[in-house]
Amino acid sequence: MKPGPLLLAGAFALASMQPASAQGKSLGLPKTVQAGSAFTIQSSGSGKATLYIIGLGEVLKRNVQLGEAQFFPAGSLNDAGHYLAILAQPGGEETESFDVVPASAPMRLSFLAKPSRLPVNLHDGITGAAYVFDSYGNLVVAPMPVSFELSSPSSTGQRDTVATQNGAAWTEMDSTGQQGTDQFTAQAGGVSDRRIIKQVPGDPCALKMSAQQSGQQIHLQTDPVRDCSGNAVLDGTIVTFTEAYDGGQSTVDVPLKHGIAEVLMPAHPGATLSVASGVVLGNQIHLGS
Amino acid sequence: MLKTFLIVCVSLAASVDLAAAQAVVRVDAAHVKGPRTLNEQTRTAAIRDYLQSWQTLSNALAQNRADLLDADFVGTARDRLANTIREQAALGIRTHYRDRAHDIQVVFYSPEGLSIELIDTADYDVELTDGNQAVTIEPAHARYIVVLTPSEVRWRVRVLQADSD
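First to last, the protein sequences are chains A and B.
Each residue of the first sequence is one higher than the one before, starting from 1 at the first, in the working numbering.
Each residue of the second sequence is one higher than the one before, starting from 1001 at the first, in the working numbering.
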């Protein structure tokens, strides 16, 4: 069988696409270029050629005179990555690779903090992770200290300094005993980013109610409800009053308002009154027969 | 002589197609940093989506179509690849990346679960076409630092940055 013209054309095209590094020449170019910096590529020989700089972040193409140095001004390559410099000329191609490396000074942090709201006194309850970028948005992969700080107006701040690995650093911190709004900051090389962490009271610690009978009804009211650190539990937290009496039971859910919960319930002789919030049980009161 | 030459060419073409279809992949997740446990299902999904992103970038750069990037790239990575595609189109060139091997280490899973960082030592070929003229196919070997972030239904590449291994 005789090969057709199309197949032959394809064969010659593939033949001309052998790896150019086998040519044995070398381009004069640095192994690394800092992002955004000027650099020069030196070619040898004479005649005209086309120089391609190929990378995933940027591509350049330039017609060149062989033997002359090609100057690339600052800002020619800003994106860090692995690049191929391909010099294509009638006699074949010459290729070398080089890296554009991130600028050493950080310019931006990507700071992920979680959660934005949590109860007080939670061990390792707050986490933060930071990625460090240079002014061109390249991930700065050289190890660099990142300082994390959790500060609140009412307590001593927590600090942790962590060296980045492959551009990332992370930490864990405890929520403090005081409710309030804290600032969670990550800082590297003079660049910082801040997140707000709201610390809210935990579950009620001790729940206590008092009762006052008024005719056929009884008025139940809690003492100010606090967590185990003494913070007032948030208004809106549900407190459940239960009255168990001969042959029945009544339950009323009441949200905390101004730190207390109160309710009027029928006063059944001999009833047992109890109070709870979540899994926290308060005291019981027994009505006389 | 011609017959031998054609067999070599066809074999080369066949092996290139095969390599593009099935890159050799090795994954090491034994040294993940961070307090959050990376479960197998999450790791498998992240690696699968990352490998898919190579096919996507290959197609997008070969066709100079930035819209193809949206499925697998986001943020800086997407912007940079889209910029490269714009530059390629302006210069009249196309590149075709064919990955041959990936040696992937999962190095960091951020505490809040919003990012996974990989290091991929990749072997691939870059085919350069200027106009309709095939210029060269170059083998390349580089270490990629990859940051993936979750989107609606998949992990997408947010950072894709290479240096020499």
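Keep in mind that the hints were calculated from the coordinates and are not lab data.
Please note that a few of the clues may not be correct.
[Unchecked claim] The calculated lysine to any residue pairs, modelled on SDA-like cross-linking and capped at a C-alpha distance of 25 Å, are: (1) A:K61 with B:R1065; (2) A:K48 with A:G28; (3) A:K31 with B:D1125; (4) A:K48 with A:Q34; (5) B:K1033 with A:E172; (6) B:K1033 with A:A69; (7) B:K1033 with B:N1132; (8) A:K257 with A:G270; (9) A:K257 with A:S289; (10) A:K48 with B:N1132; (11) A:K198 with B:G1113; (12) A:K198 with A:V141; (13) A:K198 with B:E1112; (14) A:K48 with B:A1090; (15) A:K31 with A:N78; (16) B:K1033 with A:V141; (17) B:K1033 with A:V191; (18) A:K114 with B:T1042; (19) A:K48 with B:V1024; (20) A:K257 with A:G180; (21) A:K31 with A:D160; (22) B:K1033 with A:G180; (23) A:K31 with B:S1151; (24) A:K257 with A:D246; (25) B:K1033 with A:D124; (26) A:K31 with B:R1143; (27) B:K1033 with A:T185; (28) A:K257 with A:T242; (29) B:K1033 with B:E1112; (30) A:K61 with B:E1087; (31) B:K1033 with A:P143; (32) A:K114 with B:L1114; (33) A:K61 with B:G1092; (34) A:K61 with B:T1056; (35) A:K61 with B:A1066; (36) B:K1033 with B:T1056; (37) A:K61 with B:Q1041; (38) A:K198 with A:D160; (39) A:K61 with A:A103.
Could you tell me which of the numbered hints above are not met by this structure, giving the numbers in increasing order? Checked against the structure, the hints that fail are numbers 4, 6, 7, 8, 9, 12, 19, 21, 22, 23, 24, 36, 37, while the rest are satisfied.
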